[in-house]
Amino acid sequence: MQWRGGLAFRVVIVSTRNATCAAFAERLMRPALADYGVEAWAIRVTSAGLVDEHGARIDPEAEDMLRSLGGNPGGFRSRLLEPEVVDDADLILTMSRAESEAVIEQFPRARRRTFTLVEYAKLTGLVRPIAPLREHPPMLNVARPGVELTDADDIVSPVGLDYAAYESTSSAIATRVRELAEAWIAMAPVRAPRRDPLDAARLTDQGADAEIVTLNAFGVPVDVRCTGDGGRALAKALRAAWSRCAREPEPEQTAGLTIEAIVHDGRTKVRVARARGAIGGETIADVMHALAGAVTVRAIDVRAGEVIMLHAAGMALSDGRVVAFVAPSGTGKTTLSRTLGRQFGYVSDETVVIGLDGTVTPYPKPLSVITPKHHHKVQLSPDDEELIEAPAELRLARIVLLDRVAEPGTVPTIAEVPLLEGIAELSAQVSYLPRLAEPLRSLARAIEATGGLQRVTYSDAEDLVRLMPVFVGDAA
Amino acid sequence: MIADADIVVTTVDDALVRYDHVLVLVGSEVMLLSPVSSEIVRVCAGGMSVGELGEHLFAQFGPPPEGNSVPEQTRIMVERLAEAGVVTLTPSDPA
Numbered sequence: 000m001q002w003r004g005g006l007a008f009r010v011v012i013v014s015t016r017n018a019t020c021a022a023f024a025e026r027l028m029r030p031a032l033a034d035y036g037v038e039a040w041a042i043r044v045t046s047a048g049l050v051d052e053h054g055a056r057i058d059p060e061a062e063d064m065l066r067s068l069g070g071n072p073g074g075f076r077s078r079l080l081e082p083e084v085v086d087d088a089d090l091i092l093t094m095s096r097a098e099s100e101a102v103i104e105q106f107p108r109a110r111r112r113t114f115t116l117v118e119y120a121k122l123t124g125l126v127r128p129i130a131p132l133r134e135h136p137p138m139l140n141v142a143r144p145g146v147e148l149t150d151a152d153d154i155v156s157p158v159g160l161d162y163a164a165y166e167s168t169s170s171a172i173a174t175r176v177r178e179l180a181e182a183w184i185a186m187a188p189v190r191a192p193r194r195d196p197l198d199a200a201r202l203t204d205q206g207a208d209a210e211i212v213t214l215n216a217f218g219v220p221v222d223v224r225c226t227g228d229g230g231r232a233l234a235k236a237l238r239a240a241w242s243r244c245a246r247e248p249e250p251e252q253t254a255g256l257t258i259e260a261i262v263h264d265g266r267t268k269v270r271v272a273r274a275r276g277a278i279g280g281e282t283i284a285d286v287m288h289a290l291a292g293a294v295t296v297r298a299i300d301v302r303a304g305e306v307i308m309l310h311a312a313g314m315a316l317s318d319g320r321v322v323a324f325v326a327p328s329g330t331g332k333t334t335l336s337r338t339l340g341r342q343f344g345y346v347s348d349e350t351v352v353i354g355l356d357g358t359v360t361p362y363p364k365p366l367s368v369i370t371p372k373h374h375h376k377v378q379l380s381p382d383d384e385e386l387i388e389a390p391a392e393l394r395l396a397r398i399v400l401l402d403r404v405a406e407p408g409t410v411p412t413i414a415e416v417p418l419l420e421g422i423a424e425l426s427a428q429v430s431y432l433p434r435l436a437e438p439l440r441s442l443a444r445a446i447e448a449t450g451g452l453q454r455v456t457y458s459d460a461e462d463l464v465r466l467m468p469v470f471v472g473d474a475a
Numbered sequence: 000m001i002a003d004a005d006i007v008v009t010t011v012d013d014a015l016v017r018y019d020h021v022l023v024l025v026g027s028e029v030m031l032l033s034p035v036s037s038e039i040v041r042v043c044a045g046g047m048s049v050g051e052l053g054e055h056l057f058a059q060f061g062p063p064p065e066g067n068s069v070p071e072q073t074r075i076m077v078e079r080l081a082e083a084g085v086v087t088l089t090p091s092d093p094a
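Protein chains in written order, with numbering that gives the first Met the number 0: chain A, 0 to 475; chain B, 0 to 94.
Treat the hints loosely; a few may be bogus.
Chain A regions said to be covered by chain B (calculated; three or more residues, Cβ under 8 Å) [claimed, not checked]: (1) 106-113; (2) 420-426; (3) 432-441.
I should point out that these hints are in silico values taken from the structure, not numbers from a laboratory.
Beta carbons are placed, not taken as given, at the ideal position from N, Cα and C, and that holds for glycine.
Take the sequences, apply the hints, and build the full model.
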């Protein structure tokens, strides 16, 4: 396999006047990402305005605020939001709903990629997608109805107002910018780093003990070099939670990669480690959470174009037939995995990987579970959860779209989904679809070979246990 | 302003046809097209002038809805598809 590396995530921040809020947010986001070791090419942040200011410099008040927060206004010149800027953006972030509406009115094609800054930060916190960053906007677009925005969520331009207004706006922007930077770092694209012992050694803390845990992420060997004060404890926790992914893939099977993970009980050390690209945190739970995203997304980057990768939970019957349950993040895949995985083979709670010949590569990663105690997902070992191991040979038997409804006691129903409508819906949940040879036809072949797409409407995952034979065509 | 002689060319990255509908991939966006848009994508694969396209659509689907003339409706459709990146428009050669 030839890895071309991850694709850059291109963000354009828009405000009515570029030289105020958008410029401020742009120049604050860049150092925030750099602090986390994200290279400028990987997440490319620019800004634009809805009115033409002919290359204006950043507003003096915004410049003062920016400097006080560590941003650099140097070299900034405003620009107009033009069609080529829109076409080149994966994500357009505005300050207010009115500005989003103005962007969409002018560029209807950008509808699915245009959000307010607060809206996108809220959706990211709600959905917590684990996917290449380029795929987040369409995934979060689907989740929009779950976030209600009020006037208070619009960031008001402080132009013409007093110093306090500038402070308030700056603070609102800075908070959201940092939230997003933190959510993005683990999933930021990287240039094809090789699984090279020398390279890995260079990454490691000088003189620090490093323990390597090798994971098999759907055929991609990932060396996680655990370092720092808590390195050994991290390695132990990693081996326990990722116990089902600990097998070494065939040596010639694939390119691999190395990730440095570091646990330090001190912010400065963590910051230094992050600045050189390590996944760092003060607690093991923090690092385990970030690693789940980093391992998954980087392995997706490696296998782009070779296989169909669905954001789906996978369950296998004892003969190896797999049902892939597709749903947007945060809408029931993990609950389904915990429930069905005690009756059927656990294939994955997050990514079902399908070869063009219909074979399925398992990814029995830890279950990522949201708990009230933690501010992010906790990684639970499938062994501890007593999930059944999937058979060695796996084959896709059906793709099912999940439609979980809130009303308890809903009798589950299954409906056939017409192919084209189904693929249109499914496409937001397929990683790197455009990189496949004949993308739509490849997807259609996989679906048609398994009898077509189905949609199941349900409220309780327990009800799906008895429907497994129906999904694979063993029962009416 | 779109002229009758302008050439419409389909520019999708992949397409899937089932009966009278076409599903297209443009960049990373997947769109399911209406039967009329699907027909435009199909017949403009090798390029067709706006005028000829209008005549073709009239022959296939009859008069347009909402009282628009055939040329008006064709321009509206082409403009929408061009905005979505499904087709491109090449201005006619004045010579």
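A quick look at each hint next to the structure:
1. 106-113: The restraint on the segment 106-113 of chain A holds, since 3 of its residues have a Cβ under 8 Å from chain B and three suffice.
2. 420-426: Since three or more residues must qualify, the claim that chain B covers the segment 420-426 of chain A holds, with 4 doing so at under 8 Å.
3. 432-441: With 6 residues close enough to chain B, the hint holds.
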